Amino acid sequence: SGPEETILDGTGYYTAAWITGGQDTTMLVRGLTFRNTSDFVCYGLACGGASPRIVNCIFQGSSGEEQRGLTIGQNNALIRNNLFMNLRDGPEIAHSWGDLSNNIIMNISDWAVFNRAINGQLLVPDYNLLWNAGRIWVNAGWGENNLMNVEPAFEEGSYRLRANSRGVDEGRPDLQDPDGTRSDIGVYGGPYAY
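Under the numbering used here, think of the first position of the sequence shown as 1, with each following residue one higher.
Keep in mind that a hint or two might mislead.
[Claimed, not checked] Distance windows between CB atoms, simulated:
{"hint": "1", "residue 1": "178", "residue 2": "145", "range": "19 to 27 angstroms"}
{"hint": "2", "residue 1": "132", "residue 2": "12", "range": "34 to 42 angstroms"}
{"hint": "3", "residue 1": "28", "residue 2": "174", "range": "14 to 22 angstroms"}
It should be emphasised that the hints constitute simulated quantities derived from the structure, not laboratory data.
Since the structure is predicted, the reported quantities are computational estimates derived from the model, not experimental observations.
Each residue gets a CB set at the ideal place from its N, CA and C atoms; glycine is no exception.
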């Protein structure tokens, strides 16, 4: 039913969901909200040794104190068109390559992007929108097409972008929204958008 209707709540647990079985990019994780309001260090989604496509999802904490959105380790995951908000850390990428694009990363108190990849084809985040976000650690560099310190401008009561948002039609040029226009940045953009 889409990310604002389908919620995996990990409150009280270390993480709301795990992917650990060595899956490749044919695995699609789409249209979910990963929420965790625990007081201890916790994640919305943890992937170790798996390379799924994670698209059109919301990673949401309550206070930004200890909640973290996503941790990826040693894989080739595609992380596109997601919303990371109200968290201590946004996506944490460890020794990985793949794609981190078209995401909105906002209201992050510490690491907006924590990319500690050290070998291989290093992931270079690009075409993302950051607003009220913390530090960025990207060993492989930071793409030239990110929108830095730009408010997303959501429609009232939704995480859909308003028509005048800077994120409209500013996603990766090789990806299209279902209406055939260039992909929007954020959870309601890209080819799998609701």
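Review point. Has the hinted range 19 to 27 angstroms been met by the Cβ atoms of residue 178 and residue 145?
Key: Holds, since residue 178 and residue 145 (Cβ atoms, about 22 angstroms apart) stay within the stated range.
Point to revise | Distance restraint hint 34 to 42 angstroms, applied to the beta-carbon atoms of residue 132 and residue 12 | key: For residue 12 against residue 132, whose Cβ atoms are near 27 angstroms apart, the range 34 to 42 angstroms is violated.
Practice item. Go ahead and decide if the range 14 to 22 angstroms is satisfied by the Cβ distance of residue 28 to residue 174. Key: holds, 18 angstroms
Consistency note: the structure conflicts with earlier hint 2 alone.
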